Amino acid sequence: DAMVIQNPRYQVTQFGKPVTLSCSQTLNHNVMYWYQQKSSQAPKLLFHYYDKDFNNEADTPDNFQSRRPNTSFCFLDIRSPGLGDAAMYLCATSSTSAETQYFGPGTRLLVL
Amino acid sequence: GESVGLHLPTLSVQEGDNSIINCAYSNSASDYFIWYKQESGKGPQFIIDIRSNMDKRQGQRVTVLLNKTVKHLSLQIAATQPGDSAVYFCAETDSGTYKYIFGTGTRLKVLA
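If you read the protein sequences in the order shown, they are chains A and B. My numbering applies: residue 10 is where the first sequence begins, and numbers increase by one. My numbering applies: residue 7 is where the second sequence begins, and numbers increase by one.
Calculated directly from the structure, the hints in this document are not laboratory data. Take the hints with a grain of salt, since some may be wrong.
Claimed, not checked - Distance condition first, Cα-Cα at most 25 Å in a straight line; then the derived PhoX-like pairs of lysine-lysine: (1) A:Lys53 to A:Lys26; (2) B:Lys48 to A:Lys53; (3) B:Lys48 to B:Lys115; (4) A:Lys53 to B:Lys105; (5) B:Lys74 to B:Lys62; (6) B:Lys105 to A:Lys47; (7) B:Lys105 to B:Lys62; (8) B:Lys62 to B:Lys77; (9) A:Lys61 to B:Lys105; (10) B:Lys115 to A:Lys47; (11) B:Lys48 to A:Lys47; (12) B:Lys105 to B:Lys74; (13) A:Lys26 to A:Lys47; (14) B:Lys105 to B:Lys48; (15) B:Lys77 to B:Lys105; (16) A:Lys53 to B:Lys77.
Note that the structure is a prediction, hence the values are computed from the model and not measured.
Model the full structure from these sequences, guided by the hints.
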């Protein structure tokens, strides 16, 4: 059964055209994460929410924003995608600190 | 498009042999560790975890060993199968944070 769901699985956008990726979870976890993963690299944390408390990584570009309207859903907004933003975007959840982190299948973003 | 990624270390093993994948972690305060398997185009999949009060934990065909003295983690896969071919990441965290630090990853290739 799917526990962390990401839509769409593939997203094509144009340079500079805003795009939103979505994530939902059925685990009722408090913490939700967004990662960026480029080819042959480890996932890179962009930000995370503990409940509604937003935590941005220091090196996450301002171009990336996030929203969490409720426990189940979290969105990644890329305001003006550049070619360098083409990557796999992974959503993950955990119940609290030092507990298993579960990943979704990812959204592959292509920027033309 | 995506920038060229770093070359992942690769471990090639013969089908049926045992595999050992190593990871050096960075934070001596880390008290929870996870091994993930990531197949091409998919999100990381939880394999096994271990807490810092343990040295060894076994799952089905997998064993994780933790050496806190030298900050080293290993994943042993018994009787490696073609379906084990993937990239394996270790991740560490501590109870005082919600962030997970990922290792660089190892590509496992299973030779028939």
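Hints, one by one, checked against the model:
no.	hint	result
1	A:Lys53 to A:Lys26	holds (23 Å)
2	B:Lys48 to A:Lys53	holds (15 Å)
3	B:Lys48 to B:Lys115	holds (17 Å)
4	A:Lys53 to B:Lys105	holds (11 Å)
5	B:Lys74 to B:Lys62	holds (11 Å)
6	B:Lys105 to A:Lys47	holds (19 Å)
7	B:Lys105 to B:Lys62	holds (23 Å)
8	B:Lys62 to B:Lys77	holds (14 Å)
9	A:Lys61 to B:Lys105	holds (16 Å)
10	B:Lys115 to A:Lys47	holds (20 Å)
11	B:Lys48 to A:Lys47	holds (13 Å)
12	B:Lys105 to B:Lys74	holds (20 Å)
13	A:Lys26 to A:Lys47	holds (20 Å)
14	B:Lys105 to B:Lys48	holds (21 Å)
15	B:Lys77 to B:Lys105	holds (18 Å)
16	A:Lys53 to B:Lys77	holds (21 Å)
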